[in-house]
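J.: Chain residues, written in single-letter form:
Number of protein chains: 2
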Amino acid sequence: MSRVEFRTCPASYRHWNLAVDGPVATVTMDVDEQGGLVPGYELKLNSYDLGVDIELYDAVQRLRFEHPEVKAVVLTSGKDKIFCAGANIRMLAASSHPWKVNFCKFTNETRNGIEDATANSGQTWIAAVNGTASGGGYELALACEHIMLVDDRSSAVSLPELPLLGVLPGTGGLTRVVDKRHVRRDLADYFSTRPEGLSGKKAAAWRLVDEAVPRPKWDETVAERAREMAAASSRGQGQDGISLTPLEKDRSDDAIGYRYVQAKLDRARAAAEITIKGPAAAAPEDAAGLHEQGADFWTLAMTRELDDLILDLRTNEPELGTWVLRTTGAAQRVLAYDELLLKAKDDWLAKEITHYLKRTLKRLDVTSRSLIALIEPGSCFAGSLLELALAADRSYQLAGVFEDEDPDAEPAAVIVGPMNLGPLPMGNGLTRLQTRFLGDDDALAAAEKHANEPLQAEEAEQRGLITFAPDDIDWADEVRIAIEERASFSPDALTGLEANYRFAGPETLETKIFGRLTAWQNWIFNRPNASGPDGALRKFGTGQRADFDRRRV
Amino acid sequence: MSRVEFRTCPASYRHWNLAVDGPVATVTMDVDEQGGLVPGYELKLNSYDLGVDIELYDAVQRLRFEHPEVKAVVLTSGKDKIFCAGANIRMLAASSHPWKVNFCKFTNETRNGIEDATANSGQTWIAAVNGTASGGGYELALACEHIMLVDDRSSAVSLPELPLLGVLPGTGGLTRVVDKRHVRRDLADYFSTRPEGLSGKKAAAWRLVDEAVPRPKWDETVAERAREMAAASSRGQGQDGISLTPLEKDRSDDAIGYRYVQAKLDRARAAAEITIKGPAAAAPEDAAGLHEQGADFWTLAMTRELDDLILDLRTNEPELGTWVLRTTGAAQRVLAYDELLLKAKDDWLAKEITHYLKRTLKRLDVTSRSLIALIEPGSCFAGSLLELALAADRSYQLAGVFEDEDPDAEPAAVIVGPMNLGPLPMGNGLTRLQTRFLGDDDALAAAEKHANEPLQAEEAEQRGLITFAPDDIDWADEVRIAIEERASFSPDALTGLEANYRFAGPETLETKIFGRLTAWQNWIFNRPNASGPDGALRKFGTGQRADFDRRRV
Numbered sequence: 001m002s003r004v005e006f007r008t009c010p011a012s013y014r015h016w017n018l019a020v021d022g023p024v025a026t027v028t029m030d031v032d033e034q035g036g037l038v039p040g041y042e043l044k045l046n047s048y049d050l051g052v053d054i055e056l057y058d059a060v061q062r063l064r065f066e067h068p069e070v071k072a073v074v075l076t077s078g079k080d081k082i083f084c085a086g087a088n089i090r091m092l093a094a095s096s097h098p099w100k101v102n103f104c105k106f107t108n109e110t111r112n113g114i115e116d117a118t119a120n121s122g123q124t125w126i127a128a129v130n131g132t133a134s135g136g137g138y139e140l141a142l143a144c145e146h147i148m149l150v151d152d153r154s155s156a157v158s159l160p161e162l163p164l165l166g167v168l169p170g171t172g173g174l175t176r177v178v179d180k181r182h183v184r185r186d187l188a189d190y191f192s193t194r195p196e197g198l199s200g201k202k203a204a205a206w207r208l209v210d211e212a213v214p215r216p217k218w219d220e221t222v223a224e225r226a227r228e229m230a231a232a233s234s235r236g237q238g239q240d241g242i243s244l245t246p247l248e249k250d251r252s253d254d255a256i257g258y259r260y261v262q263a264k265l266d267r268a269r270a271a272a273e274i275t276i277k278g279p280a281a282a283a284p285e286d287a288a289g290l291h292e293q294g295a296d297f298w299t300l301a302m303t304r305e306l307d308d309l310i311l312d313l314r315t316n317e318p319e320l321g322t323w324v325l326r327t328t329g330a331a332q333r334v335l336a337y338d339e340l341l342l343k344a345k346d347d348w349l350a351k352e353i354t355h356y357l358k359r360t361l362k363r364l365d366v367t368s369r370s371l372i373a374l375i376e377p378g379s380c381f382a383g384s385l386l387e388l389a390l391a392a393d394r395s396y397q398l399a400g401v402f403e404d405e406d407p408d409a410e411p412a413a414v415i416v417g418p419m420n421l422g423p424l425p426m427g428n429g430l431t432r433l434q435t436r437f438l439g440d441d442d443a444l445a446a447a448e449k450h451a452n453e454p455l456q457a458e459e460a461e462q463r464g465l466i467t468f469a470p471d472d473i474d475w476a477d478e479v480r481i482a483i484e485e486r487a488s489f490s491p492d493a494l495t496g497l498e499a500n501y502r503f504a505g506p507e508t509l510e511t512k513i514f515g516r517l518t519a520w521q522n523w524i525f526n527r528p529n530a531s532g533p534d535g536a537l538r539k540f541g542t543g544q545r546a547d548f549d550r551r552r553v
Numbered sequence: 001m002s003r004v005e006f007r008t009c010p011a012s013y014r015h016w017n018l019a020v021d022g023p024v025a026t027v028t029m030d031v032d033e034q035g036g037l038v039p040g041y042e043l044k045l046n047s048y049d050l051g052v053d054i055e056l057y058d059a060v061q062r063l064r065f066e067h068p069e070v071k072a073v074v075l076t077s078g079k080d081k082i083f084c085a086g087a088n089i090r091m092l093a094a095s096s097h098p099w100k101v102n103f104c105k106f107t108n109e110t111r112n113g114i115e116d117a118t119a120n121s122g123q124t125w126i127a128a129v130n131g132t133a134s135g136g137g138y139e140l141a142l143a144c145e146h147i148m149l150v151d152d153r154s155s156a157v158s159l160p161e162l163p164l165l166g167v168l169p170g171t172g173g174l175t176r177v178v179d180k181r182h183v184r185r186d187l188a189d190y191f192s193t194r195p196e197g198l199s200g201k202k203a204a205a206w207r208l209v210d211e212a213v214p215r216p217k218w219d220e221t222v223a224e225r226a227r228e229m230a231a232a233s234s235r236g237q238g239q240d241g242i243s244l245t246p247l248e249k250d251r252s253d254d255a256i257g258y259r260y261v262q263a264k265l266d267r268a269r270a271a272a273e274i275t276i277k278g279p280a281a282a283a284p285e286d287a288a289g290l291h292e293q294g295a296d297f298w299t300l301a302m303t304r305e306l307d308d309l310i311l312d313l314r315t316n317e318p319e320l321g322t323w324v325l326r327t328t329g330a331a332q333r334v335l336a337y338d339e340l341l342l343k344a345k346d347d348w349l350a351k352e353i354t355h356y357l358k359r360t361l362k363r364l365d366v367t368s369r370s371l372i373a374l375i376e377p378g379s380c381f382a383g384s385l386l387e388l389a390l391a392a393d394r395s396y397q398l399a400g401v402f403e404d405e406d407p408d409a410e411p412a413a414v415i416v417g418p419m420n421l422g423p424l425p426m427g428n429g430l431t432r433l434q435t436r437f438l439g440d441d442d443a444l445a446a447a448e449k450h451a452n453e454p455l456q457a458e459e460a461e462q463r464g465l466i467t468f469a470p471d472d473i474d475w476a477d478e479v480r481i482a483i484e485e486r487a488s489f490s491p492d493a494l495t496g497l498e499a500n501y502r503f504a505g506p507e508t509l510e511t512k513i514f515g516r517l518t519a520w521q522n523w524i525f526n527r528p529n530a531s532g533p534d535g536a537l538r539k540f541g542t543g544q545r546a547d548f549d550r551r552r553v
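First to last, the sequence lines map onto chains A and B. Positions 1 to 553 (the working numbering) are the ones given, in order, by the first sequence. Positions 1 to 553 (the working numbering) are the ones given, in order, by the second sequence.
Chain A with its partners taken away, still in its complex shape:
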């Protein structure tokens, strides 16, 4: 199969329509049945595959950057009587286990992004469910702040995965039903075993939707609700958006290159060596300069590149199990960009860039690859880029310099900056520093106190900011062994280990979705009862019943 490409733009959409009318945008799902990403299935009934979701992700992003005037987003369907039938079943049945899991991860991230827009951008998403929303279709609605269901004696919301397919809803449905919408757990249980779901006033009474609206009043009520939500939005007034210009990218079999982000694909060691370059020029002086640079502003450009790289590697290079993270450039310049973003924090664009960086780092956190940060002379692990090292499973910082390479170099330093102290929380609601120093308030306070100080290896190790600080003599061996050893371990066990160690501390909707719900779903996906030749996923639509191993595990 050819490589999947995540870059797109509204002019290229096959499945969605994005229309903006003043403060209200309407995102209409109208899936092209013949437009599947992979041959072998038709995307009937507004069902989706990865290709459909890639466009949705693009729309969510563009609304935030290109449409600061939009304060409410109506998500609806362009089909008659059907809102969305969820992920395409034939696609799921034909997909490999890694594909299914990666697909669910990306769709989950996009739904979390919809919630992030509502919570942090004053772009409130409204699900205008104008036909039946089943499975992933209802889960898409669940990501919205307000769910309206047309009350017409045929349209329903449902989670039919368990009774029909022998799997779980894969994009947060179970968690959002009880933890976000507070549907009572026994009602949720009944609902999730009922293939036809619930409709109308009963769906509203059970909190599955916020309101059931008779069809004659539908258009008017949706418009009214959108106006109300827009009026209640915290988003500022009358600003011009920036253009998310096409992302330039060189992609070959052994390298991926952008302006600030490079990756070498080392298949022999099953590793991707990723280098992120700091800013090429000094930061603009103020928000006006930031707006002028738009998509060229370093933080935004670098984040878009990193985002695309993560998605490309996750989807196209599942065998590269370790990502080695390096940075290169001037640390003070990185901090200056951070400072501008934080100083201009009432500026919508500065805010959007910071939230986007936050979301992209969260994507890294939930990536099922071992992350190893290498902190070498000439690097700039400071502030926003220090987050890469803090996101890593391990970090190595060179003590001293590479004597053979550049004996006069400045030894590598890490710098904690304001960006590390709040604006970029993980999915668990804590900063990466707070998670790192969970239960050790003294170490956290010391790290904060020494913010803005360049810390060379020995001090960084002592303060707990890095894992190991080998010197020139040990460096090559220690790093080589770490990478080679990682490639020798069970990839599954590594994924499980990392998923558990990366998220110490409190749990949130997000960590429950990625940590708990996803783990159960992965297990179920992998069991013969779902994916075996007689499993429910394979038997769906054949008229035959699945043949289950009845033992409860």
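The set of hints was computed from the structure by calculation and includes no laboratory data. Just so you know, these numbers come straight off a predicted model, no measurement behind them. Take the hints with a grain of salt, since some may be wrong.
Now the in silico label distances, taken between C-beta atoms and shown as ranges [said to hold, decoys possible]:
no., chain 1, residue 1, chain 2, residue 2, range
1, A, 232, B, 343, 31 to 39 Å
2, B, 484, A, 216, 37 to 45 Å
3, B, 268, A, 44, 33 to 41 Å
4, A, 223, B, 485, 51 to 59 Å
5, A, 255, B, 528, 29 to 37 Å
6, A, 442, B, 17, 39 to 47 Å
7, A, 295, B, 547, 45 to 53 Å
The C-beta atom is built at its ideal place from N, Cα and C for all residues, glycine as well.
Starting from the known structure of chain A, fit chain B onto it as the hints suggest.
T.: Chain B only, in chain A's frame:
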């Protein structure tokens, strides 16, 4: 294979020694290599199987009920140079997936029980790690409040599951390392990839243990620490324990019967029909009466029976996927027993019984069976027994009476009592009522306000305490369909659904262990990389390397 029996007593232990010396008990692990529960493996190096853990569970229970004088428990090994090598690998490699998962669940519950003894009974467990503790051996130590490691240049603690077996530590290790002991996540990552683990002062510096003690000072320091912990204990003085007399049980292929608990095994419908009888006599008047009755006191006797039944059914009857829960007896009498326990809450035995009921109900919560409560005339779903209905995935309460059976019967009622309002929290730290009404404070307040009122079906339904309230005409069909339908669904998907819906709200060590860590471990156990013919579990000890599918999922 023959049925597994969980009832035992110290005189029958093959693997443990329990010695009590005033306020300090010593629990010594000395596994009989030839004493495996199932043929086919030797329990070398103090490794354990389910049979070994059944005895440990018994010891933990007896210390709480039979030894109120014990305030510190030293857990140590009777072998030379080895503390415990964890779960037996050959046993794991030879076990079916359901067996492995059920085994891990039970061992997890026992380790949680050790923490519960420390937290709630003033019985502080100390791990005296007098030799190497690897894998499940170190996890056993992690359940203790204080970990002492002998510092002798050979003894270490380790979690070698990932590098050696391609699986995760299965009894809470990952969670306890970062969330309980606050080992830094990158150090935890390194530690968990190092088969030989860490020893001595480094293990202490990384917080993996609390202290490393040189061998010459070992005995003296362990004794000193035990004295200190006992002295600091909140447990009362000089009381007499009660005897946990042998539990009488009739077990056949189609029924399990105790004094207060009965189960009919309905293999045709893949269901166990469980009935719990209320007290046969009025509650004793005071704590003295409670002590006099000892193990015959209804709440304790019923809880021991329910506990044994849960363990029996989980282990021996994996195909009975639905448990139907009924009660029969006088509700006011149940409430009177509850009242006595709560009134006498400073009495150690009353406290122990309440905590034991709490732990047993938690066992029900994490049981991978669908739970359906049937509330019929003559039932006594009140207070402590109402928890069964609240633990269920669904409940049905008959509106009115069975006209053909007993037209003059009193209609079924449920009664919220003080036991439902705090003393019996779930693993998530909330009561079952709080979890049920998550995000709906009004409904919770109303349920509390109407405590002690018998609520018939219509009112109970309206107050959200039950799921459905069919009348005589609909009852038989609705209940039949619910049970039959459950048996038709994918057992795996049901397990995943229930694990997600039962634990809305906050997360704790316990919910992380059962919800997240367990789900990942189940997935990994089930993957060819671990359990396939070339998987790491099968290749362990053969000198051959596992052949991994390298794709990261």
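J.: Out of the numbered hints, which ones does the structure contradict?
T.: 1 and 4
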